[in-house]
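S.K.: Line order of the protein sequences matches chains A and B. According to my numbering, the residues represented by the first sequence are 530 to 609, in order. According to my numbering, the residues represented by the second sequence are 2 to 455, in order.
Keep in mind the hints are simulated off the structure, nothing from the lab. Computed from a predicted model, the values in this text were never measured in an experiment. What you were told as hints is all true, and nothing was included just to trick you.
A few chain B residues that face chain A, going by a derived Cβ cut-off under 10 Å, partial list only:
| hint | residue |
| --- | --- |
| 1 | Ala119 |
| 2 | Cys199 |
| 3 | Trp262 |
| 4 | Gly277 |
| 5 | Ser280 |
| 6 | Gln296 |
| 7 | Cys312 |
| 8 | Lys313 |
DEER-style ranges, computed between Cβ atoms:
| hint | chain 1 | residue 1 | chain 2 | residue 2 | range |
| --- | --- | --- | --- | --- | --- |
| 9 | A | Glu544 | B | Ala252 | 26 to 34 Å |
| 10 | B | Ala91 | A | Gly555 | 46 to 54 Å |
| 11 | A | Ala541 | B | Gly274 | 30 to 38 Å |
Backbone N, C-alpha and C fix where the C-beta goes; we use that ideal spot for every residue, glycine too.
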Amino acid sequence: MGAMVLVTVQLAPSEATLEQAMRQLGLTEDEVDTDYGLVPLMPEQGLYAVRVEEEAGRRVSPPAGGPFTDPPIEPYGPPH
Amino acid sequence: MRVLIQLRPSPDIVAAVAAPDLTATTADVTDGLPGVALDHSYTPVALPRARPATAGGDPLSLNQPLLFSMAPEEASVLVRGEISDDESSARLALLPGRARDVIGVYADPVIETSLTCAGTPSVGTWQDVARLMRVTELQAEGYDGTGVALAVCDTGVNAAHVTRQFGRDVTVDHDRSWNPSGVSGQAGGFAVDHGTMCAFDTLIAAPRATLIDVPVLLSRRQGGTAMDGLLSDAVAAFAHLRSVLDAQPAATRALVVSNSWGSFSPLWDLPPGQPGNYSDNAAHPFNIIVGSLEQAGADILFAAGNCGLECKDRRCGFPGRPIVGANSHPQVLSVGGVDTSGERVGYSSQGPGRLSDHKPDICAYTHFSGSKAFGDDTPDSGTSAACPVAAGLVAAIRTRWPASQISPSQLRTLLHRTAEDRSDVGFDYDYGYGIADTASLLSALKRRTARQRL
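The task is simple: from the sequences and hints, build the whole structure.
M.R.: In structure tokens:
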């Protein structure tokens, strides 16, 4: 897999599965971080996140939201 | 912002200020300046007027022989005050034209010889922090963290080490803890590292809180390195914490989330203004889930970062405004650091924040001998330590005040209002609203209790 990004997708709660998100966005399994899965951001509003290859993220946005960066995060200490 | 204000009052007042046998006060010199909190403890100082020593000299040049006059008609007077950081530029520009007698306004920077920086030995111990945070009083009033879930999102917790250092048991909730995909290891059983320091520091003020271990920085997901995680792991971690919160009875919800991490470099991010950017973009998925978790009732704290102007961490890559992304989110408490003498540590990041201007929110103690997670002589340092120290105070308060009674937003406001102001004008970009002040906080809560009983 190449560089990865996050995209957001709107799903009805009853259909909130990774498979449904992939179907809705036209993504293949090779393009998606299936270990990461479908992550609820605002479940009450049906907003979810999926981690996908950068190229696929560009292709599916819109209708997906994004693509958004997935930068490294580091501990803030001890100071160097 | 602290300022020196140069005034030209009437000659008799200048003469009184200049006279060695008289002591004029600030009130003698001026009866007030708009938007300036005058420092009445400062004795006004007379300043001589400089003028060219030769006739025809440039009156605005200091690069020539000068004569200095203390004649009352020519000299001026300096007083000291403070201007709110919110409007310092406008006030600096407008005061000389608008306020009578004002001929100049100048910055009055703090001058220090021994600012605490990386490499400075510990300044006090965790017992000093406990004393400053009035932990004995907290516990006497039943604020000890009992029943409060305290999530430490970091490199994992070593509970045995924390137990050894405190000499008392700590509680880690294995069922509600969570590992990112691909991370093995048991909650509370990770190697002693940064997360263990954070866990120790949360328990100073909330010794009976229940730790939820979220080793989000241990992720080895593709794209990460040996020493960091990815923001997507934090997104997933917060989704898990939302399920933890939703499982709590609505009436007694209490979840405090401590985050001593962030993004150091803009190189991994898209530039601000691009839709996929994280640092400046409230619509980034992580910033959305932070807001969603807070709205559901969680208290979320983030370290402000270690990019303070005086001695910033060498990893700091943002050219300015280093409090970025969720660390500057309006719905989190962004925590700067002070040492146990109450002075801001030189590495504590200064505001304004990128998502929200008024950052940091408050300061808490850091750079003390505490967990010994990095060795016996290495302090718990960074805003990494200040954040969990403040999270412990929040968890202690949640013992008796669940989110159903004081929302996270209300509690942040209470912490702002009761903080020990380190300036004279409320919020500033160094200390935020000031140092978290347990005594004032307890008094405010007592007043709230009394009002509820009426």
